[in-house]
Amino acid sequence: QQQVKQSPQSLIVQKGGISIINCAYENTAFDYFPWYQQFPGKGPALLIAIRPDVSEKKEGRFTISFNKSAKQFSLHIMDSQPGDSATYFCAASVWGAQKLVFGQGTRLTINP
Amino acid sequence: GAGVSQTPSNKVTEKGKYVELRCDPISGHTALYWYRQSLGQGPEFLIYFQGTGAADDSGLPNDRFFAVRPEGSVSTLKIQRTERGDSAVYLCASSLTVRSSYNEQFFGPGTRLTVL
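Which chain is which? The protein sequence lines are A and B, in order. Residues 1 to 112 in our numbering are what the first sequence lists, from first letter to last. Residues 1 to 116 in our numbering are what the second sequence lists, from first letter to last.
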């Protein structure tokens with residue numbers, strides 16, 4: 001059972017453009033939604049996270065938008081740079097459960 | 001400071017063999033997690049330790065998989081009678097445990113296991 005669905009699988013954006021990755025979840029008990037960035041040969045690293053009591057969170061060029069009623073959340077990368085080229089994973093967790101449920105990943109390529 | 005380390009970085013074994021994968025968490029982190037990442041997929045939860053005990057082992061796929069953390073620090077994931085389908089990158093993560101907040105999980109680089 002895929003509890004977190006992520007799209008698109010791959011994305012190509014021109015330098016300076018906006019990258020948008022979407023996720024949808026099924027379990028309404030989820031209450032923590034992080035995004036992870038993974039470079040080849042490395043483990044995932046936390047990029048930004050949101051709780052469902054807010055609809056948006058911004059950190060630098062990275063923004064999470066959250067729609068609780070639709071059970072969807074998205075990552076926006078503004079002014080995308082070649083160094084942002086990586087695989088991005090959304091995830092979700094239930095408070096107290098600790099384990100993360102990950103989406104399938106989006107391979108992002110930023111063309112210079 | 002040192003991050004999460006995992007050894008070996010690569011392990012090639014034959015079908016039916018036994019393997020052990022090691023994880024050294026960040027010093028002071030009481031929580032430790034194992035995930036499995038198949039090619040082109042997101043990490044999949046296997047087991048979570050709080051201190052020395054397994055608090056949640058619901059992700060272990062079958063009884064061929066076992067993990068220990070005897071002193072509350074280093075953990076070993078053990079796989080018996082390996083199968084080709086066990087081939088994946090095995091990720092370890094650790095975190096602090098603070099009841100009042102969500103605790104960021106810090107991931108190691110993983111061990112790439114290939115079963116021939």
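The hints are simulated quantities; they were obtained by calculation from the structure and are not laboratory data. If you're wondering where the values come from, they're calculated on a predicted model, not measured in any experiment. Ideal placement from N, C-alpha and C gives every residue a C-beta, glycine not left out. Some hints here could point you the wrong way.
Said to hold, decoys possible - List time: in silico DSSO-like cross-link candidates among lysine-lysine, alpha-carbon distance up to 27 Å:
1) Lys42(A) / Lys11(B)
2) Lys71(A) / Lys15(A)
3) Lys68(A) / Lys99(A)
4) Lys42(A) / Lys99(A)
5) Lys99(A) / Lys57(A)
6) Lys42(A) / Lys15(A)
7) Lys15(A) / Lys57(A)
8) Lys11(B) / Lys99(A)
9) Lys71(A) / Lys5(A)
10) Lys78(B) / Lys99(A)
11) Lys5(A) / Lys58(A)
12) Lys78(B) / Lys15(A)
Unchecked claim - If you anchor each label on the Cβ, the simulated ranges turn out as follows:
13) Asn10(B) / Gly83(A): 21 to 29 Å
14) Glu71(B) / Gly41(A): 26 to 34 Å
15) Ala70(A) / Thr7(B): 38 to 46 Å
16) Arg22(B) / Asn67(A): 27 to 35 Å
17) Gly85(B) / Lys57(A): 34 to 42 Å
Unchecked claim - Which chain A residues face chain B? A few, computed with CB under 8 Å, are given here:
18) Asn22
19) Lys42
20) Pro44
21) Ala45
22) Lys99
Structure-based check of all given hints:
| no. | hint | result |
| --- | --- | --- |
| 1 | Lys42(A) / Lys11(B) | holds (16 Å) |
| 2 | Lys71(A) / Lys15(A) | violated (30 Å) |
| 3 | Lys68(A) / Lys99(A) | holds (21 Å) |
| 4 | Lys42(A) / Lys99(A) | holds (20 Å) |
| 5 | Lys99(A) / Lys57(A) | holds (22 Å) |
| 6 | Lys42(A) / Lys15(A) | holds (24 Å) |
| 7 | Lys15(A) / Lys57(A) | holds (23 Å) |
| 8 | Lys11(B) / Lys99(A) | holds (26 Å) |
| 9 | Lys71(A) / Lys5(A) | holds (11 Å) |
| 10 | Lys78(B) / Lys99(A) | holds (20 Å) |
| 11 | Lys5(A) / Lys58(A) | holds (22 Å) |
| 12 | Lys78(B) / Lys15(A) | violated (44 Å) |
| 13 | Asn10(B) / Gly83(A): 21 to 29 Å | holds (27 Å) |
| 14 | Glu71(B) / Gly41(A): 26 to 34 Å | holds (29 Å) |
| 15 | Ala70(A) / Thr7(B): 38 to 46 Å | holds (43 Å) |
| 16 | Arg22(B) / Asn67(A): 27 to 35 Å | violated (42 Å) |
| 17 | Gly85(B) / Lys57(A): 34 to 42 Å | holds (38 Å) |
| 18 | Asn22 | violated (14 Å) |
| 19 | Lys42 | holds (6 Å) |
| 20 | Pro44 | holds (5 Å) |
| 21 | Ala45 | holds (7 Å) |
| 22 | Lys99 | holds (4 Å) |
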